[in-house]
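Engineer: Listed below, chain by chain, are the residues.
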Amino acid sequence: MTGRTPSGAGALGLEAVGISMRFGGVLALDDVSIRVEAGTVHALLGENGAGKSTLVKCLMGFHRMTAGQIVIGHREVEIPDPRAAHARGLGMVYQHFTLVPSLTGTENLVISRARVPAVIDWRNERAALARFLEAMPFTAPLDVPAQRLAAGERQKLEILKQLYLGRRILILDEPTSVLTPEEADELLGTLRALVRTGRLTVLMITHKLREVSAFADTVSVLRQGRHVGTARVQDLDQPTMAAMMIGERPAPAGTARGTTAGPVALQLREVRAPDRTGRKVIAIDSLSVRGGEIVGVAGVAGNGQTELMEILTGQRRLESGTILVDGRPYVPSRAAMQAAGVRCLPEEPLRNACAARMSLVENLAFRTFDRRADDRRRFWLDRARLRIHARDLAARFRIRAGSVEHPIASLSGGNVQRAVLARELTGTVRVLVVANPCFGLDVAAVAEVRARILTVRNGGAAVLLVSEDLDEVLDLADRILVMSEGRIVHATRQADANVGVIGRHMAGRA
Amino acid sequence: MTAAAVPGTPDAAFDRSLAAARRHGEAVIVPLGALVAGLLAFALFLGIVGRSPAEFYGLVYQAAYGSTFAWENTLARTAPLLLAALCTALPARLGMIMIGGEGAIVLGGVAAGIFAMLYPALPGVLGIGGMVAVAALAGGTWIGTIGFLRHLRGVNETIASLLMAYVAIALMNHLVEGPFRDAASLNKPSTAPLSDGFRIGTIPGLDVHWGLAIGIAACVLCWVLLERTTWGFAARIVGGNVRAAQVQGLPVGRLMVGFSVLGGACAGIAGMIEVAAVHGAANASLAAGYGYTGILIAFLARHHMLAILPVATLLAGFEAASGLVQRRMDLPDATVLVLQGMVFVALLAGEALHGRLAWFRAPGRQ
Numbered sequence: 002m003t004g005r006t007p008s009g010a011g012a013l014g015l016e017a018v019g020i021s022m023r024f025g026g027v028l029a030l031d032d033v034s035i036r037v038e039a040g041t042v043h044a045l046l047g048e049n050g051a052g053k054s055t056l057v058k059c060l061m062g063f064h065r066m067t068a069g070q071i072v073i074g075h076r077e078v079e080i081p082d083p084r085a086a087h088a089r090g091l092g093m094v095y096q097h098f099t100l101v102p103s104l105t106g107t108e109n110l111v112i113s114r115a116r117v118p119a120v121i122d123w124r125n126e127r128a129a130l131a132r133f134l135e136a137m138p139f140t141a142p143l144d145v146p147a148q149r150l151a152a153g154e155r156q157k158l159e160i161l162k163q164l165y166l167g168r169r170i171l172i173l174d175e176p177t178s179v180l181t182p183e184e185a186d187e188l189l190g191t192l193r194a195l196v197r198t199g200r201l202t203v204l205m206i207t208h209k210l211r212e213v214s215a216f217a218d219t220v221s222v223l224r225q226g227r228h229v230g231t232a233r234v235q236d237l238d239q240p241t242m243a244a245m246m247i248g249e250r251p252a253p254a255g256t257a258r259g260t261t262a263g264p265v266a267l268q269l270r271e272v273r274a275p276d277r278t279g280r281k282v283i284a285i286d287s288l289s290v291r292g293g294e295i296v297g298v299a300g301v302a303g304n305g306q307t308e309l310m311e312i313l314t315g316q317r318r319l320e321s322g323t324i325l326v327d328g329r330p331y332v333p334s335r336a337a338m339q340a341a342g343v344r345c346l347p348e349e350p351l352r353n354a355c356a357a358r359m360s361l362v363e364n365l366a367f368r369t370f371d372r373r374a375d376d377r378r379r380f381w382l383d384r385a386r387l388r389i390h391a392r393d394l395a396a397r398f399r400i401r402a403g404s405v406e407h408p409i410a411s412l413s414g415g416n417v418q419r420a421v422l423a424r425e426l427t428g429t430v431r432v433l434v435v436a437n438p439c440f441g442l443d444v445a446a447v448a449e450v451r452a453r454i455l456t457v458r459n460g461g462a463a464v465l466l467v468s469e470d471l472d473e474v475l476d477l478a479d480r481i482l483v484m485s486e487g488r489i490v491h492a493t494r495q496a497d498a499n500v501g502v503i504g505r506h507m508a509g510r511a
Numbered sequence: 007m008t009a010a011a012v013p014g015t016p017d018a019a020f021d022r023s024l025a026a027a028r029r030h031g032e033a034v035i036v037p038l039g040a041l042v043a044g045l046l047a048f049a050l051f052l053g054i055v056g057r058s059p060a061e062f063y064g065l066v067y068q069a070a071y072g073s074t075f076a077w078e079n080t081l082a083r084t085a086p087l088l089l090a091a092l093c094t095a096l097p098a099r100l101g102m103i104m105i106g107g108e109g110a111i112v113l114g115g116v117a118a119g120i121f122a123m124l125y126p127a128l129p130g131v132l133g134i135g136g137m138v139a140v141a142a143l144a145g146g147t148w149i150g151t152i153g154f155l156r157h158l159r160g161v162n163e164t165i166a167s168l169l170m171a172y173v174a175i176a177l178m179n180h181l182v183e184g185p186f187r188d189a190a191s192l193n194k195p196s197t198a199p200l201s202d203g204f205r206i207g208t209i210p211g212l213d214v215h216w217g218l219a220i221g222i223a224a225c226v227l228c229w230v231l232l233e234r235t236t237w238g239f240a241a242r243i244v245g246g247n248v249r250a251a252q253v254q255g256l257p258v259g260r261l262m263v264g265f266s267v268l269g270g271a272c273a274g275i276a277g278m279i280e281v282a283a284v285h286g287a288a289n290a291s292l293a294a295g296y297g298y299t300g301i302l303i304a305f306l307a308r309h310h311m312l313a314i315l316p317v318a319t320l321l322a323g324f325e326a327a328s329g330l331v332q333r334r335m336d337l338p339d340a341t342v343l344v345l346q347g348m349v350f351v352a353l354l355a356g357e358a359l360h361g362r363l364a365w366f367r368a369p370g371r372q
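Line by line, the protein sequences give chains Z and H. Position in the first sequence (from 1) plus 1 gives the number in the working numbering. Position in the second sequence (from 1) plus 6 gives the number in the working numbering.
To be clear, the hints were calculated from the coordinates, so they are not data collected in a lab. Using N, Cα and C, we set each Cβ at its ideal position, and we do this for glycine too. A hint or two may mislead.
[To be verified] To be clear about the criterion: a stretch of chain Z counts as covered by chain H if any three or more of its residues have a C-beta under 8 Å from a C-beta of chain H, and this derived list gives those stretches:
#1 313–320
#2 328–336
#3 349–359
#4 364–378
Looking at chain Z on its own, in the form it has when it is part of the complex:
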């Protein structure tokens, strides 16, 4: 660590100069330069995968930048690791809290210091904390174990912790993602008040345009690793911001259709289910997919898409509502899936659709191991037949594996996805539910996966495509829905799709 932070208290300015970050063959950041003025709230806006998290991790020393400099308070600095970042006055508040749940606020603050005495004099520490809090415009409960605090209070405690540790530039990663709208407003208001006192500079990663308009002074937009623009929030309106985030896209060319859409194959009616935190609700009043069409559900991650998938695969119980396949009530059991021809491809196939330590042969057999050729149930495993089946699928779907007997975890991501596709797309498919199919795949694999999904659609199946990649939805879907906060907030046909409108709905603002 060369040099020290400029002495004194008060906000510092931060500047990223020409930062590039390369991971293997992927260029995550391409010559990004952003200046954050001292004592301002600066928002960093962008879609999933735009490079916001990567940029911030470079600033905090988690990654060694491939190229570029960091300037803090007009002095160029080296940040080789997070400790150096902390020493320079940079602090970060993460999406998922870093408080120890069983310790109180006081204890969390004290132990987070770089130097803690071996024996802690709690009376002194509490007195020092009380003095510190007097100078703060807000407070949080300090004598309650962190796990008993509400999410909003925890966030405030995190921010207090950063201030307590003397940080002068605060980076927040989607700070309101786990908060209710009221808590979010309160938190951001508090932050802005702090910044106005000159004590702090805030760089905030967000995808919510409403928050940018209401609480930020300046906004920088990243798209696909590049800095698209920076402007004062008062000079921009939301449609412009959305357009910068999503960029100019050519009007989606209609993809070749095999058949016209048939009758409704999949329907969700008045579906209600709790989300993963239990505090919010997924509420889908009506969603229908016809045979021979692809319905794409766009949205930023964390707005209920995972829960929607889990509802359709039977991993999440419905509180109320019905799912209908071909007009008949559908409960996701193995027999019902088989009879109705419903196939599911969850995201992150290795994590959610495969047994990593089982071999490729076994994984490819998940759908067919218990049925004979004539569809009767079987008791004895026919391992020779499974091997033949696996070799056949591997050839047809071009799965590259050292040996079909190797554990599937030894295959590359693309080949794992090919394997899961091979398994699920064989046989009669009436309804296909697929989530983020191309996540993490190289360009060739992406093209292949998309082609296969189109083939399934052209064969008359109803396809529900849930994707966090708007490009994918725009390219493939015949009808586009937008999911936000657990609800469907927008629906449009591909021909009428207005990227700006879609982007605004994705960002939570009509």
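Here the structure of chain Z is known, so what remains is to put chain H in place on it, guided by the hints.
Structural biologist: The following block gives chain H in isolation, referenced to the frame of chain Z:
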């Protein structure tokens, strides 16, 4: 290996066998290494208490495997251990860690003893068959309930099964000392001794009771069930990744409960064998600790049904030798437990190495 071998040559064949050895070797070499590490740690312990490890291990070998009589002693103890190990190994293949085999054993034993008491006149096959059935029912219900609670409410099956084992032992003691006590058993409360029709005899040619054959058959049948049937395949999918099993619509709850019942039934039969072949009546001797040793065997065998056979023989040998060795070397009765404990700790530590040793990794993406 830098340059790839030309396919079809002896080099290529060697490469393939080496690759196969690497893949499967980990499952054998790591637990073997842990076993050796545990034995070394125990040797250290012996050194500290002033005994010769060489003498200890030498005596163990003699008393366990050194003569026909020793072998018979060992094999007699292997029988209940095989079945007790299945009680842990079967649910473990589905991702449930059950350690309550002891409870299922004692309940199976007492159920068998009570059955024999209530129907003393049943002819041979019916009598023994009936005992097997009630023992399996008792043990299976016990462990099956825990599996059901785990599926329904996410109850931690490890703690629940352990605590239920204590409940089972208390229940057995109550039944044996109270309603089903044989009036003639004064010093040691016990059910009535089994009539000859209910006793299990010895295998001809080998002075070991038929329980050994039952145990071996159970291990083989469970292996066949898991590896060669669709039920077992579905169970392995649940154990491999329960989310993947759910996405496939497999009946996860039914599989969990079903295999818990099966494991408990095996342990229950172990109890019945102890009653019918060894003690001749149900009493407190049923709680001999086989259930706990079974846990260790299952883990050492990495929950592989066939690997349980050699591992159980090894640990049975230690137990068979323990009485002799401890008396000869003037060591307390708990010494063999210390040995088992050290091996178990070494094994659990070795589990952390699984998947991390580069030599064993399959070639390709990590």
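Engineer: Does the structure break any of the earlier hints, and which numbers would those be?
Structural biologist: none
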